[in-house]
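Novice: Sequence:
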Amino acid sequence: MTEEYANTAQGKATEHIGLYQIQPYLDPLLRSGWWNSMETTSVRHPLAGLKIVDFTRIVAGPSISRSLAELGASVMRVTGPHIADFSGLHPDLKWGKWNCHLDLWKTEGKIKLRDPLWEADVVVNGYRPFVLDKHGAAYEDVFQIGKEQGRGFIYVRENCYGWAGPRSRRSGWQLISDACSGVSMGFGRAMGNEEAVTPVLPNPDYCTGVAGCCAVLQAHVLQAKYGGSYLIDAA
Numbered sequence: 001m002t003e004e005y006a007n008t009a010q011g012k013a014t015e016h017i018g019l020y021q022i023q024p025y026l027d028p029l030l031r032s033g034w035w036n037s038m039e040t041t042s043v044r045h046p047l048a049g050l051k052i053v054d055f056t057r058i059v060a061g062p063s064i065s066r067s068l069a070e071l072g073a074s075v076m077r078v079t080g081p082h083i084a085d086f087s088g089l090h091p092d093l094k095w096g097k098w099n100c101h102l103d104l105w106k107t108e109g110k111i112k113l114r115d116p117l118w119e120a121d122v123v124v125n126g127y128r129p130f131v132l133d134k135h136g137a138a139y140e141d142v143f144q145i146g147k148e149q150g151r152g153f154i155y156v157r158e159n160c161y162g163w164a165g166p167r168s169r170r171s172g173w174q175l176i177s178d179a180c181s182g183v184s185m186g187f188g189r190a191m192g193n194e195e196a197v198t199p200v201l202p203n204p205d206y207c208t209g210v211a212g213c214c215a216v217l218q219a220h221v222l223q224a225k226y227g228g229s230y231l232i233d234a235a
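Per the numbering used here, the sequence shown starts with residue 1, numbered consecutively.
Don't read these hints as lab results, they were simulated from the structure. These numbers come from a predicted model, not from an experiment. There may be inaccurate statements among the hints.
[Claimed, not checked] Here are the computed lysine-lysine pairs in the DSS-like style, where the Cα-Cα straight-line distance is at most 27 Å:
1) K51 - K225
2) K51 - K147
3) K112 - K147
4) K110 - K97
5) K147 - K106
6) K147 - K225
7) K106 - K51
8) K134 - K110
9) K106 - K134
10) K51 - K110
11) K51 - K12
12) K134 - K147
13) K97 - K112
14) K110 - K147
15) K112 - K51
16) K97 - K51
17) K112 - K134
18) K225 - K134
Produce the complete structure using the sequences and hints provided.
Specialist: This is how it looks when you write it as structure tokens:
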């Protein structure tokens with residue numbers, strides 16, 4: 001991050017935030033404990049039995065759920081019939097996942113969505129900030145489903161700029177964040193240029209995937225000890 005960006009309103013709003021934030025929503029009625037293990041739960045697949053509903057596209061969000069799938073979690077990716085997909089990324093970011101199509105603009109789709117959410121332990125949301133709120137998949141909606149069952153949820157929401165500051169509600173991509181934060185300028189100078197050069201590969205997106213996965217693991221440890229639900233902010 002450059003000094004110029006650090007002095008912006010967005011830079012100042014997020015300067016105290018690390019790789020992720022975990023916000024606990026504790027409730028004595030939400031029991032503590034782990035998810036139900038399976039016969040396949042092992043050292044190689046410690047998350048076997050953990051069920052995840054995955055609302056993600058492109059790279060950053062899918063890399064969170066893929067990392068969890070690599071550890072044995074069962075991931076159901078939810079997409080829609082009218083949403084453009086990037087099939088070129090499937091070999092890297094979609095393996096280890098199931099896939100379903102729901103039209104959340106229709107009442108039928110919203111009703112069907114409750115089935116995977118009812119069984120899930122974790123929700124990963126990589127869509128534009130607050131876009132899923134209108135479809136009944138905001139973290140408040142998911143936590144309410146947990147309350148109806150007497151158990152907590154873990155909800156990950158990932159965006160471009162972070163969840164504080166004047167840009168927190170904007171959509172964005174890795175290329176934009178690199179340019180805004182000074183990564184592109186630093187990359188250009190490392191190449192001997194005095195102008196910004198955007199990195200070719202989406203390294204920050206994959207780093208977000210690792211950070212998001214670590215956050216889910218940490219939140220599960222907290223949930224096993226204290227119970228409740230946990231909201232994870234990643235960017």
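Novice: Hint by hint, note whether the structure agrees.
Specialist: Do the hints match the structure? See the list:
1. Using a Cα cut-off of 27 Å, the hinted pair K51 and K225 holds, with the two alpha carbons roughly 19 Å apart.
2. Using a Cα cut-off of 27 Å, the hinted pair K51 and K147 holds, with the two alpha carbons roughly 17 Å apart.
3. Of the pairs offered as hints, the one joining K112 and K147 holds, with about 19 Å between alpha carbons and a cut-off of 27 Å not exceeded.
4. Restraint check: the Cα-Cα separation between K110 and K97 comes to about 21 Å, which is no more than 27 Å; the hinted pair holds.
5. The hinted pair formed by K147 and K106 meets the criterion: a straight-line CA distance of about 25 Å does not exceed 27 Å.
6. Between K147 and K225 the CA atoms are separated by roughly 18 Å; this keeps the pair inside 27 Å, and the hint holds.
7. Simply put, K106 and K51 have alpha-carbon atoms about 25 Å apart, close enough for the 27 Å limit, and the pair holds.
8. For the suggested pair K134 and K110, the alpha carbons sit about 10 Å apart, so the restraint of at most 27 Å is met.
9. Straight-line distance between C-alpha atoms of K106 and K134 comes to about 11 Å, which keeps the hinted pair within the 27 Å bound.
10. As the CA atoms of K51 and K110 are separated by approximately 19 Å, the hinted pair is consistent with the 27 Å bound.
11. The suggested pairing of K51 with K12 is violated, with an alpha-carbon distance near 37 Å, which exceeds 27 Å.
12. Of the supplied pair hints, the one linking K134 and K147 holds, its CA atoms being roughly 20 Å apart against a limit of 27 Å.
13. Pair hint K97 plus K112 holds up; C-alpha atoms about 19 Å apart against a cutoff of 27 Å.
14. Using a Cα cut-off of 27 Å, the hinted pair K110 and K147 holds, with the two alpha carbons roughly 19 Å apart.
15. Straight-line distance between C-alpha atoms of K112 and K51 comes to about 17 Å, which keeps the hinted pair within the 27 Å bound.
16. Between K97 and K51, the direct Cα distance comes to roughly 11 Å. Compliance with the 27 Å bound is thereby established for this hinted pair.
17. With a CA separation close to 15 Å, the supplied pair K112 and K134 stays within the 27 Å bound.
18. Note on K225 and K134: the hinted pairing is violated, with a Cα-Cα distance of about 33 Å set against a maximum of 27 Å.
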